[in-house]
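Chemist: So you can see what is in the structure, the chains are spelled out below.
Number of protein chains: 2
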Amino acid sequence: MTQPTGPAAKQAVRHDAMRARNLALVLGEVAARGSLTRAALSEITGLTKTTVSKLVADLIEAGLVVEAGTVRAGERGRPGMEVRISGERVAAVGLEINVDYLSVRLVDLARSVRLRRTQAVDNRTARPVEVIAALRDLALGLVDEAVDIGLQVVGGVLAVPGPVDLATGVVHNAPNLGWREVPVPELLRLPFPVRVENEANLAALGELWFGSGPPDFLYVSGEIGIGAGLVVRGRLFRGARGFAGELGHVVVSPDGPPCRCGARGCLERYAGQDALLTATAAEDLTELVTLLEAGDPRALAACERAGRALGVALSSAVNLVDPDTIVLGGIFARLFPWLADTVTGMLAARLGQMRSAVPPLVVSQLGTEAAALGAAGQVIQQVIADPTASLPT
Amino acid sequence: MTQPTGPAAKQAVRHDAMRARNLALVLGEVAARGSLTRAALSEITGLTKTTVSKLVADLIEAGLVVEAGTVRAGERGRPGMEVRISGERVAAVGLEINVDYLSVRLVDLARSVRLRRTQAVDNRTARPVEVIAALRDLALGLVDEAVDIGLQVVGGVLAVPGPVDLATGVVHNAPNLGWREVPVPELLRLPFPVRVENEANLAALGELWFGSGPPDFLYVSGEIGIGAGLVVRGRLFRGARGFAGELGHVVVSPDGPPCRCGARGCLERYAGQDALLTATAAEDLTELVTLLEAGDPRALAACERAGRALGVALSSAVNLVDPDTIVLGGIFARLFPWLADTVTGMLAARLGQMRSAVPPLVVSQLGTEAAALGAAGQVIQQVIADPTASLPT
DNA sequence: GATATTTAGTCCACAACATAGACTAAATGG
DNA sequence: CCATTTAGTCTATGTTGTGGACTAAATATC
Numbered sequence: 000m001t002q003p004t005g006p007a008a009k010q011a012v013r014h015d016a017m018r019a020r021n022l023a024l025v026l027g028e029v030a031a032r033g034s035l036t037r038a039a040l041s042e043i044t045g046l047t048k049t050t051v052s053k054l055v056a057d058l059i060e061a062g063l064v065v066e067a068g069t070v071r072a073g074e075r076g077r078p079g080m081e082v083r084i085s086g087e088r089v090a091a092v093g094l095e096i097n098v099d100y101l102s103v104r105l106v107d108l109a110r111s112v113r114l115r116r117t118q119a120v121d122n123r124t125a126r127p128v129e130v131i132a133a134l135r136d137l138a139l140g141l142v143d144e145a146v147d148i149g150l151q152v153v154g155g156v157l158a159v160p161g162p163v164d165l166a167t168g169v170v171h172n173a174p175n176l177g178w179r180e181v182p183v184p185e186l187l188r189l190p191f192p193v194r195v196e197n198e199a200n201l202a203a204l205g206e207l208w209f210g211s212g213p214p215d216f217l218y219v220s221g222e223i224g225i226g227a228g229l230v231v232r233g234r235l236f237r238g239a240r241g242f243a244g245e246l247g248h249v250v251v252s253p254d255g256p257p258c259r260c261g262a263r264g265c266l267e268r269y270a271g272q273d274a275l276l277t278a279t280a281a282e283d284l285t286e287l288v289t290l291l292e293a294g295d296p297r298a299l300a301a302c303e304r305a306g307r308a309l310g311v312a313l314s315s316a317v318n319l320v321d322p323d324t325i326v327l328g329g330i331f332a333r334l335f336p337w338l339a340d341t342v343t344g345m346l347a348a349r350l351g352q353m354r355s356a357v358p359p360l361v362v363s364q365l366g367t368e369a370a371a372l373g374a375a376g377q378v379i380q381q382v383i384a385d386p387t388a389s390l391p392t
Numbered sequence: 000m001t002q003p004t005g006p007a008a009k010q011a012v013r014h015d016a017m018r019a020r021n022l023a024l025v026l027g028e029v030a031a032r033g034s035l036t037r038a039a040l041s042e043i044t045g046l047t048k049t050t051v052s053k054l055v056a057d058l059i060e061a062g063l064v065v066e067a068g069t070v071r072a073g074e075r076g077r078p079g080m081e082v083r084i085s086g087e088r089v090a091a092v093g094l095e096i097n098v099d100y101l102s103v104r105l106v107d108l109a110r111s112v113r114l115r116r117t118q119a120v121d122n123r124t125a126r127p128v129e130v131i132a133a134l135r136d137l138a139l140g141l142v143d144e145a146v147d148i149g150l151q152v153v154g155g156v157l158a159v160p161g162p163v164d165l166a167t168g169v170v171h172n173a174p175n176l177g178w179r180e181v182p183v184p185e186l187l188r189l190p191f192p193v194r195v196e197n198e199a200n201l202a203a204l205g206e207l208w209f210g211s212g213p214p215d216f217l218y219v220s221g222e223i224g225i226g227a228g229l230v231v232r233g234r235l236f237r238g239a240r241g242f243a244g245e246l247g248h249v250v251v252s253p254d255g256p257p258c259r260c261g262a263r264g265c266l267e268r269y270a271g272q273d274a275l276l277t278a279t280a281a282e283d284l285t286e287l288v289t290l291l292e293a294g295d296p297r298a299l300a301a302c303e304r305a306g307r308a309l310g311v312a313l314s315s316a317v318n319l320v321d322p323d324t325i326v327l328g329g330i331f332a333r334l335f336p337w338l339a340d341t342v343t344g345m346l347a348a349r350l351g352q353m354r355s356a357v358p359p360l361v362v363s364q365l366g367t368e369a370a371a372l373g374a375a376g377q378v379i380q381q382v383i384a385d386p387t388a389s390l391p392t
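So the sequence lines, in the order shown, correspond to chains G and E.
At position 305 of the first sequence the residue is numbered 304 (numbering that gives the first Met the number 0), and the sequence of numbers has no breaks.
At position 84 of the second sequence the residue is numbered 83 (numbering that gives the first Met the number 0), and the sequence of numbers has no breaks.
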């Protein structure tokens, strides 16, 4: 018989764990609300003023928060001292390998993007070792600049367009890049710990942490392959082995065109970038957008067909995973003006009678930065969730 | 900016919470492993022997565990005293309303099914208040019998075939019963707290806690409507508003037969009970099974068509939610012999090239009891997760 | 300008719960 | 019967939060 408690429930709690949790609680509230006084923290967390004072003292000593000036809530009384996240000690690096660029971002603990570097390159024609060597150079340059501005990089996450084995970091298959079985961490070897994660999942987390929407949504990303990241109550849904979110292979029509996955009628064959470019004889996405702007009938028809297919696949997804909102990113962000009405119409037609609310369709606010920001945000999130790892011993 | 920590991370931890967590840890390990000595508990949990002794003393005083005799692990040394879950103090009631029966189960803390009562009745032709009144009578009888055997019912959960508003217990729409907007808890009014939950989700939990498979699977249930319960790492996935798992409205063919949900080509129209009975002119499921056993060509063709549709829909589900195993329950458990090869074949054809492992298809081990057992199991699970609620004050 | 009032934050004795080592208890091997 | 091994209890101590007393810093009122 399986015991259905999560891993967190299987740990004994001692005094040190209690303190770690309360430190994380205080730091998390400060991070969530921008700044708080000790008195406000006491009210919000339920801990006594004494306890909050001690916890804040530890966080100040660790350089994770700073006192930022006095503030008064009421008309009279002693003014409180604002405590804010310090953006001047620790930072995280978000990295991204996509089809036609490499990207790195430096994000501080206050979630400010301090540095941005992007390098245009055709990653589909380069060998994986070449791509990763170029990324390593870009990242090392960023780290040097971080040291120059006084920030210590405590970790990084790399976004790649394909499923990833989270334990080993091996990219089993990235169709957008033409990669199979690439042992990314062995090749990357940066002077801080780096994990590898699927790009759609990280973009979803980017929208969550750097966007402004609600904490329950399905993020749709796509180039050749189409992936989805699902966030429910602020947490990423990964599935049993971490390979959830393969929206590109959801069935649009069971006897439709053959797909490279071996099935037929997958979403990718209707709405993937290759499908769109082939239908319009466009060279690349920019040319496709130019045709659409010019009102080219073939381009408009291809978008209409892609929009209907997206609507069908997304209606299946909504029935299965019940998101609150659908966010279109990747190529679909650029094509949003020509897709939105068709997709929204199809969702309303297929979902509108049974469901009390059809999830609204919105465009990504972060554009091509979403994945790299989500990557860096994951490291920031870990520091906030476990501040004791950052305390001096 | 949304702060993405779960609810549990937002609670301060004090001494009482620390004790509660450690009590839950000890009780959970005893529940998971059948019986343990204090010394073994100390080794497994990492708490000292002193701490474990005190925690076990509290649990004994609460009647949640008992000492069950001496046992020795090695060749010499003082024998240890086995501590086991007590099945003789608290119990939970699982209730179920399905199309053609009402069912109640009494389950003790050791997860033994102590009492079973099922009443055959056509719930589709009866009014909701009549159905719920009959269920109330059945449940009150079970409670009387529980008292007779010395068990105290601490709570219950009711399984219904349709989406449920978890906060209010209102059943918005149960197509299998013909119900809409039924305020079940107001009508039921039993002498213990009762929550209402979707039947497919509870059946999935039943397979998890009373079956013997791995803790990551998609459970497929079906009568007229087809629902799915998804369990990942021992936890039920519900979606943003609790309305995930609507497998019956996943698209099989976008321009297929119109569905009562307003869409076209939903799985329900191919593999739902009505679709199967209409295709074979069978009166009910038993007659359909008789036809299948006799080799009736129309019945076999209907199952083949249903199996292919299930395979298509399940391949979309696997791509999106990545389960380890697929469990067929409901009518599909009875039809398993005539469905399995087609479904398995379709899954292999659609998933076998890209995914390193195609999820195996298995039949439910619990049959029609799965939902009621899952319901009772949820109450049992809550007692184990929060034993301080059961301690004398 | 002085005093009363309000609110923030610190101080310190105490409580709750886990730890750690000493000790007792219960068994078997030699 | 004694030595050894292992389980479980006892008791002083340590860690971390609490709660009330107290100080500090502000404004309103006189």
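To be clear, the hints were calculated from the coordinates, so they are not data collected in a lab.
Warning: the hint list may mix true and false statements.
Put simply, identical chains are the same to the list, so a pair is met inside one copy or across any two.
SDA-like, lysine to any residue: derived pairs with alpha carbons at most 20 Å apart [unchecked claim]: (1) K9 x T124; (2) K9 x K48; (3) K9 x A384; (4) K9 x A332; (5) K9 x L114; (6) K48 x S34; (7) K53 x A11; (8) K53 x L114; (9) K9 x A293; (10) K48 x D143; (11) K48 x G76.
Since this is a predicted model, take the numbers as computed values, not measurements.
Chemist: Are the hints correct? Go through all of them and say.
Modeler: Hints and how they fare:
1. K9 x T124: So K9 and T124 fail the 20 Å test inside a copy (47 Å) and across (47 Å) alike.
2. K9 x K48: between (31 Å within a copy, 18 Å between copies)
3. K9 x A384: both (18 Å within a copy, 11 Å between copies)
4. K9 x A332: neither (42 Å within a copy, 34 Å between copies)
5. K9 x L114: The answer is neither: 40 Å in one copy and 31 Å across copies each exceed 20 Å.
6. K48 x S34: Answer is within: at 17 Å inside a copy they meet the 20 Å cutoff, but 43 Å across does not.
7. K53 x A11: Cα proximity of K53 and A11: across copies only (14 Å, versus 24 Å in one copy).
8. K53 x L114: Classified as neither; 34 Å inside a copy, 54 Å across copies.
9. K9 x A293: For K9 and A293, the Cα distance exceeds 20 Å both inside one copy (60 Å) and across copies (52 Å).
10. K48 x D143: Neither. Shortest intra-copy (41 Å) and inter-copy (51 Å) distances fail the 20 Å Cα cut-off.
11. K48 x G76: within (16 Å within a copy, 50 Å between copies)
Checked against the numbered hints given earlier, this structure breaks hints 1, 4, 5, 8, 9, 10; the rest are met.
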